[in-house]
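A.B. asks: Letter by letter, the chains look like this.
Protein chains: 2
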Amino acid sequence: MADLNNIPNEEKNKVIPKTQNYSSSDCLQEFNDVSEIEYSHAADLAEHLETLSLEKQLCLLTRLPVSEAAEAVAELEEHARIDILENIDPDLAASLLSEMSPDDAADVLDELEEAHRDHILDNIDADDAEDIRHLMAFDPDTAGGIMNIEILILEDYINVDDAITKMRSEIEDKEVPYYGYVVDESDKLVGVISLRELLVAKHGTLIKDIIKEQNLITVTFDVAKEEVAKLLSHYNFMAMPVVDKEGRLMGVITHDDIIDVITELASEDLLSMVGAGYSESVDTPWKESVKMRLPWLMMNMITSSVSAYVVYLFDGTIAQMALLAVLMPMVANQAGNTGQQALAVMIRELATTRFETKRAWFAVLREGKIGFSSGMILGFVISFVVGFIFSNYALGFVMGAALILDMLLGALAGASIPLILKSLGRDPAQASSIFLTMITDSAGFFVFLGFASLFLLS
Amino acid sequence: MADLNNIPNEEKNKVIPKTQNYSSSDCLQEFNDVSEIEYSHAADLAEHLETLSLEKQLCLLTRLPVSEAAEAVAELEEHARIDILENIDPDLAASLLSEMSPDDAADVLDELEEAHRDHILDNIDADDAEDIRHLMAFDPDTAGGIMNIEILILEDYINVDDAITKMRSEIEDKEVPYYGYVVDESDKLVGVISLRELLVAKHGTLIKDIIKEQNLITVTFDVAKEEVAKLLSHYNFMAMPVVDKEGRLMGVITHDDIIDVITELASEDLLSMVGAGYSESVDTPWKESVKMRLPWLMMNMITSSVSAYVVYLFDGTIAQMALLAVLMPMVANQAGNTGQQALAVMIRELATTRFETKRAWFAVLREGKIGFSSGMILGFVISFVVGFIFSNYALGFVMGAALILDMLLGALAGASIPLILKSLGRDPAQASSIFLTMITDSAGFFVFLGFASLFLLS
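Residue numbers (the working numbering), protein chains in the order written: chain H, 233 to 690; chain Z, 233 to 690.
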């Protein structure tokens, strides 16, 4: 048998035809003794799996205890996981998913094609399958889509001793083991209580008396996961309760889910700013990346033809003085960089804090001041440098003045674009760098060539 | 008395002379009844404080219970906190800091000037002050700089029942209340045990028998906080133990500290990519932002003069055919955008996963394929469009060919720059966008104008 480990990555990702489902009997002899492979943690096992060929991945997974295999599959990178679940024996796939917490299982199944998904769900125990289907009904970008439902519920009329007993008996299966979610008779969430609070309370105290003073902070199931991340990091919570419109408890979102959301959102900001695919990583097949990026590159081409048209208007000016074509990109480039600095600050502001109109205008004004003062300094410097090098101080003056104006504009545009995109209901980062470049290029060319034709040529 | 609330932001931040330290007796009459102001959480109180004038901030803080005031101050934004601590009565400052956990207090004090810091430390209880000084000795960008030291230590020779009793009695003061850190007789960390594990273990079981099978994952105090963030999110840990070079327990880093680190690092990537200040936000005074950005804008000016020089070399070519100056920025811009997409993917890769050389080269190759294929598609389109518009298919061909070459180069440069910066021991994002633009601009101008002078003019 060929050593599949040495086959380049592209080959490895090829999917084995679906009719040939893999089961443990196909396993390679050499790979028989799984006990040799010991990993301290599922995340490490997942990382190891990602370096193997699909065949070896399947082989290893079928030999591992189901609970370990399930944890590793939950930790895998999306592409690898899809390949595995589409090629593994459906019974095994079903038992892997049953072992996962329902929210992980729902996330995993969301990635699969519908037919395949239903096939696996049919093989899962009915109760588990219902939980999973329930979670899959939520938009994956909202609180409902990332919440856990395996939590400890405490009725508000019980006392701390009964609560401790209940927490202790259920502690093994819960996602947030040291917290109880307190509900009233209509299932409305009325408080959150930690084991720590239970332990320090007097014997016999009613739960309802402990939580009386609480200001409960919750999110409804339809809140964007981005907002949940902001709230959870604002309050430094271990977990955030999710409720329905009537305030009834639905689940909780835990800190580890939020770490994933924050990491994901940070990548999305950076990637979408330049028009790369939202969810792209080094592991995305390159053809998919081309498909995701090409529309934005096309758009960049169209927007950059706007600035090309500006230059075209001054065709005659350049023909008279080719030196202008030398200096023109410097003006545009400098303003573009200034604008990108403002853009970066603003995108992070919108990503990490709650939006306030007053603060937003303050921020635009702030960038305006920065752009103008930096422009004054650099404009002054460049006037002299250009004037001296080309022994043409009028040209230096034109360049300096154009630079100041374009840098001011770049700063204001960079700060405003994310705000405008947001107010249009779009992602504040999406293609913002492309819009910005269009503005700084067009304006830079126009002002510089315009001033030049006014003051340098007659 | 004038209403300080209506004074614009700049004014508000003015520091009251240090000789006039503020104490509660100076408080405004109207503000006397603090009980009216109720906040559900310190983070909300901090947010409210940030909207007040310094005078009102100080007034409110002096009237609040010390523990609440301390929590709010710990949550404040850095600039606001510095203003408050420099102007508040030193005794009150000391009691606020004593109420904080030592790691928060150390972070806060790190922000102050040395003289002021020492003055406050002298007013703090000697034991607390020693803890704080100990923590301040660590580099704030390392594990030691963000760790908590208030943790439960369990000796490995005790049994689960004694461990539960100990955890229960100390649960109120601990930062990670449901975990015990198990050490041997030489203080070496030998395991981590959760209350959950203690509760499900048989009575009388020795701690050492429970942790026997554990593969302990720790970091040493000098590991960069970025690495800690990667590890903690890789393993989905609630907390990561920090040890010294001999494996002795020093502290732990908790999930909420890591959420802050991840958010901070994501901002740093985006900001440093374009040469803005690392820690800039909308709250940074604008003059400070100018100071932080100006060096990079200067550098951008110098690097863009490289590409201007390339154009200068083709001065004569442009004088013969001004149309080239119209199309030239389009080539450079398009390659710049392609390169930025590669840059974004690579910066996120380096920020979120552990670096592997093989994977890095695979990623550069992948971007090369993407750049080349997108270039082929767009180059083909632009050849015809330009050829048709200007009835000059030779010009179209030159433009298309230059575009393909420059987009390929942009993609390779975008993917390589972060790797090169990293291998030089620099931040992979730092000014990467500026370097990239220099490369794509210079190469774009050179190839396009070079081809033009070879094939279009004779």
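It cannot be assumed that every hint is accurate.
Said to hold, decoys possible - Okay, derived cross-link-like pairs now, BS3-like style, lysine-lysine, Cα gap no bigger than 30 Å in a straight line:
| id | chain 1 | residue 1 | chain 2 | residue 2 |
| --- | --- | --- | --- | --- |
| 1 | H | 434 | Z | 406 |
| 2 | H | 440 | Z | 523 |
| 3 | Z | 398 | H | 406 |
| 4 | H | 406 | Z | 523 |
| 5 | H | 601 | Z | 654 |
| 6 | Z | 519 | H | 654 |
| 7 | H | 288 | Z | 288 |
| 8 | H | 601 | Z | 601 |
| 9 | Z | 406 | H | 398 |
| 10 | H | 434 | Z | 523 |
| 11 | H | 590 | Z | 654 |
| 12 | Z | 434 | H | 398 |
| 13 | Z | 406 | H | 288 |
| 14 | H | 398 | Z | 420 |
| 15 | Z | 406 | H | 590 |
| 16 | H | 444 | Z | 590 |
| 17 | H | 420 | H | 398 |
| 18 | H | 398 | Z | 440 |
| 19 | Z | 406 | H | 440 |
| 20 | H | 406 | Z | 288 |
| 21 | H | 519 | Z | 654 |
Since the hints were derived computationally from the structure, they do not count as laboratory data.
A.B. asks: Next, verify each hint and record whether it holds.
C.D. replies: Consistency of the hints with the structure:
1. H:434 / Z:406: Holds, at roughly 20 Å.
2. H:440 / Z:523: 55 Å, violated
3. Z:398 / H:406: With Cα atoms ~24 Å apart, residue 398 of chain Z and residue 406 of chain H stay inside 30 Å; holds.
4. H:406 / Z:523: 51 Å, violated
5. H:601 / Z:654: Between residue 601 of chain H and residue 654 of chain Z the Cα gap is close to 34 Å, so the pair fails against 30 Å, i.e. violated.
6. Z:519 / H:654: 27 Å, holds
7. H:288 / Z:288: 66 Å, violated
8. H:601 / Z:601: Violated, at roughly 42 Å.
9. Z:406 / H:398: Holds - the C-alpha atoms of residue 398 of chain H and residue 406 of chain Z are around 24 Å apart, at most 30 Å.
10. H:434 / Z:523: 58 Å, violated
11. H:590 / Z:654: 39 Å, violated
12. Z:434 / H:398: Holds, because 18 Å separates the two Cα atoms, which is no more than 30 Å.
13. Z:406 / H:288: 45 Å, violated
14. H:398 / Z:420: Violated - the C-alpha atoms of residue 420 of chain Z and residue 398 of chain H are around 35 Å apart, more than 30 Å.
15. Z:406 / H:590: Roughly 40 Å separates the two Cα atoms, so the pair is violated.
16. H:444 / Z:590: Cα-Cα ~58 Å, so violated.
17. H:420 / H:398: 19 Å, holds
18. H:398 / Z:440: Within the cut-off at roughly 28 Å; holds.
19. Z:406 / H:440: Roughly 25 Å separates the two Cα atoms, so the pair holds.
20. H:406 / Z:288: 45 Å, violated
21. H:519 / Z:654: Holds, at about 27 Å.
In summary, the numbered hints that this structure violates are 2, 4, 5, 7, 8, 10, 11, 13, 14, 15, 16, 20.
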